[in-house]
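K.L.:
Order-wise, the sequence lines are chains A, B, C and D.
Following our numbering, the numbering of the first sequence begins with 51 at its first residue and continues without gaps.
Following our numbering, the numbering of the second sequence begins with 51 at its first residue and continues without gaps.
Following our numbering, the numbering of the third sequence begins with 51 at its first residue and continues without gaps.
Following our numbering, the numbering of the fourth sequence begins with 51 at its first residue and continues without gaps.
Rather than coming from a laboratory, the hints here were simulated on the basis of the structure.
Errors might be hidden in some of the hints.
No copy is singled out in the list; a pair is fine if it fits within one copy or between any two copies.
[What the hints assert, rightly or not] Under the rule of at most 16 Å between Cα atoms (straight-line distance), these lysine to aspartate or glutamate pairs were calculated in the EDC-like manner:
#1 Lys254 - Glu362
#2 Lys256 - Asp218
#3 Lys256 - Glu243
#4 Lys256 - Asp228
#5 Lys254 - Glu241
#6 Lys254 - Glu87
#7 Lys254 - Asp86
#8 Lys254 - Glu149
#9 Lys256 - Glu115
#10 Lys256 - Glu374
#11 Lys254 - Glu315
#12 Lys254 - Asp218
#13 Lys254 - Glu234
#14 Lys254 - Glu374
There are 4 protein chains.
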Amino acid sequence: MGSIWGENLKISLFGESHGSGIGVVLDGLPAGIALDEAQIAAFMARRAPGRASHTTARREADVPEILSGYYQGRTTGTPLAAIIRNTDTRSADYAELLEKPRPGHADLTGAIRYGGAQDPRGGGHFSGRLTAPLTFAGAVASQILAERGIRIAAHLYEVAGIRDLPFDAVTASTAQIDQLQSREFPVLNPELETSMVAAIMTAKEKLDSVGGIVECIVRGLPAGLGDPMFGGVEPRFASLLFAIPAVKGVEFGSGFAAARSYGSENNDSPQFVDGQIRTRTNNSGGADGGITSGMPLLCRVAFKPTASIGREQDTVNLRTCQNELLVIHGRHDPSIVIRAVPVVEAAAAIASLDLLIGDRSVY
Amino acid sequence: MGSIWGENLKISLFGESHGSGIGVVLDGLPAGIALDEAQIAAFMARRAPGRASHTTARREADVPEILSGYYQGRTTGTPLAAIIRNTDTRSADYAELLEKPRPGHADLTGAIRYGGAQDPRGGGHFSGRLTAPLTFAGAVASQILAERGIRIAAHLYEVAGIRDLPFDAVTASTAQIDQLQSREFPVLNPELETSMVAAIMTAKEKLDSVGGIVECIVRGLPAGLGDPMFGGVEPRFASLLFAIPAVKGVEFGSGFAAARSYGSENNDSPQFVDGQIRTRTNNSGGADGGITSGMPLLCRVAFKPTASIGREQDTVNLRTCQNELLVIHGRHDPSIVIRAVPVVEAAAAIASLDLLIGDRSVY
Amino acid sequence: MGSIWGENLKISLFGESHGSGIGVVLDGLPAGIALDEAQIAAFMARRAPGRASHTTARREADVPEILSGYYQGRTTGTPLAAIIRNTDTRSADYAELLEKPRPGHADLTGAIRYGGAQDPRGGGHFSGRLTAPLTFAGAVASQILAERGIRIAAHLYEVAGIRDLPFDAVTASTAQIDQLQSREFPVLNPELETSMVAAIMTAKEKLDSVGGIVECIVRGLPAGLGDPMFGGVEPRFASLLFAIPAVKGVEFGSGFAAARSYGSENNDSPQFVDGQIRTRTNNSGGADGGITSGMPLLCRVAFKPTASIGREQDTVNLRTCQNELLVIHGRHDPSIVIRAVPVVEAAAAIASLDLLIGDRSVY
Amino acid sequence: MGSIWGENLKISLFGESHGSGIGVVLDGLPAGIALDEAQIAAFMARRAPGRASHTTARREADVPEILSGYYQGRTTGTPLAAIIRNTDTRSADYAELLEKPRPGHADLTGAIRYGGAQDPRGGGHFSGRLTAPLTFAGAVASQILAERGIRIAAHLYEVAGIRDLPFDAVTASTAQIDQLQSREFPVLNPELETSMVAAIMTAKEKLDSVGGIVECIVRGLPAGLGDPMFGGVEPRFASLLFAIPAVKGVEFGSGFAAARSYGSENNDSPQFVDGQIRTRTNNSGGADGGITSGMPLLCRVAFKPTASIGREQDTVNLRTCQNELLVIHGRHDPSIVIRAVPVVEAAAAIASLDLLIGDRSVY
């Protein structure tokens, strides 16, 4: 409900794009886990705006301050709260939008939902900026998972129709994960960076935007996590992934392609390999019946193109009740999908840790 | 959590494929709503097995008995519980599977999760049979929605690569919905029935199975429902849809195709039409920022091919710890996607009613 | 919310006093636990009506049928559902009550809450009869706890002003627990049975009723269970205990008496005893800061006198909008508190198992 | 679970006594409600330490900073987060306590629960200081309730055995509520202030502490709120009240006294008064069957004496595994019950607003 998510690890997000601060409370973290704050900062920097010409010019230091749940460098087990101050806000950019909702944004639905009382500046609570505290939470979660040997990686699977190499769903090779974490531009095939950036810059020049797909893998999750039916892996991951602004589709394993395959192709046959059971293929994406199989968890997340574009667009004027034209000024990403990569990783880390903390095999 | 779902309307599912009974408890229903039991039975019959040659030969009367929450033909507002007895069970068919997990099923993950104590017969609690009480709950929900003028329809969007006409996402025309509800075979283009059934029967002859995609529309939901961020329309629908066995992908509106479009194409421009705000297109699928826009809600759900196929498959023997071959006997659908159509409708009805009951605009 | 309770073990109750059946779904049980059905029946028999002259003459076999989650004598880990058929119903007894709400019952508040659509027969979903499935759930939970060496007992602490001996809060002696379980009449001092029964029978003769207090102890819960703040032991126990019809007060340890004591008297000093930390006194009732201390958990639960009495009472007529007199016919307990003893035990067992399953010390 | 509470209005508390900040997130507030910040500050000042000789000498400005969910003086409907900085912290006072747990505190249970990783300073997350953000949340809730004509008041019902006048449970007279809100010392009989303060100061001189009881009334709640069984008024109020540190008992209406009464005395007879149904007495405390009756909601909350006392006490040394003596230094209340009065009011306001937002009568 609302801005609280989770079964065993609960996160409570708050904030508006141009309010005084945004943040998150993590309730249910295991106690006594050392956190590496520099690593958290590095993780968050991957999402931060203003790093390159193909992202928004807005700059935010985005340095989280941990207020609680953290003592002498370790988690205490009680709620860990962190806040991020909004600094580089330009409210004037958004004045017109109160009466002229931006197409593709939640300006109109938010106004209906909250009777006009919502904070309209920069999309308020609906802003993609809320992915900053989500990313913080994911950075914390991924460090805790790393202690258990669980690694998460994501890449730009597709942007503007240009498709990267896929993850190897069976091996989830450490090499692929290492490569991604060493690269500024998150693709498995580095030769695609130029054409992808070019496609994004072309859209920008046309005052337009492009969407894309992020693919994410979680390697090392033990088998046997998750609860049928609604507590399964896919329902839980999807309920978090679909909360990321601009996400319009989520698939696991072979996903929509499974719908076009035969059972004899799509079934993953278990086999003993070195005394351990592994499946030859991983079309299920790491879960059967909502329960992890021990194979890598694999999902793909579709992002629509950035709703804020420079072109003139049709909209309504809520004050005059007339149809009108709108030109959105301000600073916007021609594609949010690059910055979405660590956000998807963060969501996957949070959902994975939620599963792991709820592990009942130890009862 | 596990087999309980919902915020404002909670459903609690229980049962195993070959246990004495399966059922559901609905907690939070509005009081005083008359239910049409014949209509519920008709809704459930669309999911029931054994109706045609292209579905499983297993026959179940599937007559739900309402135990509570229902008095003199109306809902009481207190929990409505219904049970369905399992009658046509053949436990002997499943004896071998205890040691030889079926590829593509939850036999192996379930055994790990429950330490071997799960009911293995017919997939137990993981069985698609659990969609019977889900469908019952959806039949109840859709009647309550109908009182508010909200209608739900779904069709076989794609099976074995053959694609039906799509829903009209803007008008969600009553004609399309009426047609679907009058047809035995749930497609918008009736000329496709022959080729679709032929494709399914071909798979059956090859001892194989095919997957497919179900498209679903909800027409008449008021604008302003849903709570950002995790309580948004998409997270809530997806968390229920991904709990349906065999679902591997969910998308809303333009979905994965949005990832390949430009912002100028994908943004839905609001316009005054006869004094009401409507969007010209409906690529968002009826929700922006997780809040309903008043446009039809549109989603597509990808089903993998039926995991149980007649062909010989590789698997492991958990007793001998050897790789072995498996031939699954018993009665199985060559494609569950036809019977999945009312299940998706049911899930959409439950999720829609959950949203509607939680409507805060009346506070 | 509504009729679903729990964090890690969720129970979903349903049914009405005179509907076709009542029942419960337990979601989250550990898998592979053998249940002794005879023991469950014996536990439930302690709550069942019609056993003695001082309880209601209504007779119900109250034999639960387990529908799911139970295979070959063991829990499967998936939802365990059980139903109890209502057999001895006399709807005619309740016809007048539709328009003349009984003082002290939920007839009036239920009618307001559900707009008159509630099942009015015998209190419907508000009936004390709903404690039958609660007791079933508690009987299951207490067997699972027993496997871990955790024992629960309750007694009639007070009835009609006559007070039993208290539990020994420090030792929670096995002798006391054994005695209680061997006795028909649940008191620690067996000499009080005669006077207690006499007081109840006197009330009955006067067409009146009496209340009482049940004291309950849980022995053997490990230290370190519970989550601050709202997930603490007391909030969780209280949220379940106050759901038992007729409960008006709950206290832990020294309870209300603590309010009249000095800190120097009430503080429990920890001391090493045989290498283990124990507190000398147990005024806290087994939890500090909402976390179990390893000392026995002790609570007392106050029940108001049975609302249904034979005397003529003032009430309103909802149809005529006049004040009127009411005489309640039918069969009622002059004191429910004897039958409430196993219900409190059941609630304590459910809450204890919920805590235990959520044990995070194993993470 | 943990530090998140609520069904329709969720509050998420965080912080430690001597960390950098404490706070709360309120999720689910109605939108567009103007808040009076001066009134919030005044409400919180009643809880703040350091105001009088009979409370702790620790001084905290306790000025909450609202970070989100609040725009142009009104709630936005999205999560409202507020933080309070800890300023007057003296960590050195608590160094010894790491190895010598204080009797009556959660030092020992917290250490077990969190494996020694908890923040030990001042009780950490278990500190009564966490009632500051709870009081902030209650101050916000009570203003929103006031808009609907709902008023809440609480008083020192009993301290050190000295008992105040009770609330009038039937009329909940405005005069009583007005008087309380105009008085510095929260009693209905102002003549008792001197003796109550004297009793507290006597305890202080003896390096001891006293407990007490707070009585709280909510006037103006509409009839028909709450859900049976676990979603009833009493379970929901109790689950919040028992989360307040030091609470050992909660009762509604006649409470434990009901256990000693006859049904003919305790039943509340409904009667038409000026065309409205009211009950002559209000022994139920405003709810029957967990549903509000429209009569004032009345509860009493028992607080144990402050655990921190100046006297030498027995405890254990966790490092040396020896029994030892402990003298607690630092600044502590000889009775927290005076400061607990607004905390109980705050909890009652939060629980009442949660009920009101969940009102289903409007469906």
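K.L.:
Next, verify each hint and record whether it holds.
P.N.:
Verification of the supplied hints:
no.: 1; hint: Lys254 - Glu362; verdict: within (14 Å within a copy, 54 Å between copies)
no.: 2; hint: Lys256 - Asp218; verdict: neither (36 Å within a copy, 30 Å between copies)
no.: 3; hint: Lys256 - Glu243; verdict: neither (20 Å within a copy, 44 Å between copies)
no.: 4; hint: Lys256 - Asp228; verdict: neither (36 Å within a copy, 43 Å between copies)
no.: 5; hint: Lys254 - Glu241; verdict: neither (21 Å within a copy, 44 Å between copies)
no.: 6; hint: Lys254 - Glu87; verdict: neither (35 Å within a copy, 45 Å between copies)
no.: 7; hint: Lys254 - Asp86; verdict: neither (37 Å within a copy, 46 Å between copies)
no.: 8; hint: Lys254 - Glu149; verdict: neither (26 Å within a copy, 58 Å between copies)
no.: 9; hint: Lys256 - Glu115; verdict: neither (39 Å within a copy, 43 Å between copies)
no.: 10; hint: Lys256 - Glu374; verdict: neither (21 Å within a copy, 59 Å between copies)
no.: 11; hint: Lys254 - Glu315; verdict: between (41 Å within a copy, 14 Å between copies)
no.: 12; hint: Lys254 - Asp218; verdict: neither (32 Å within a copy, 31 Å between copies)
no.: 13; hint: Lys254 - Glu234; verdict: neither (21 Å within a copy, 49 Å between copies)
no.: 14; hint: Lys254 - Glu374; verdict: neither (24 Å within a copy, 56 Å between copies)
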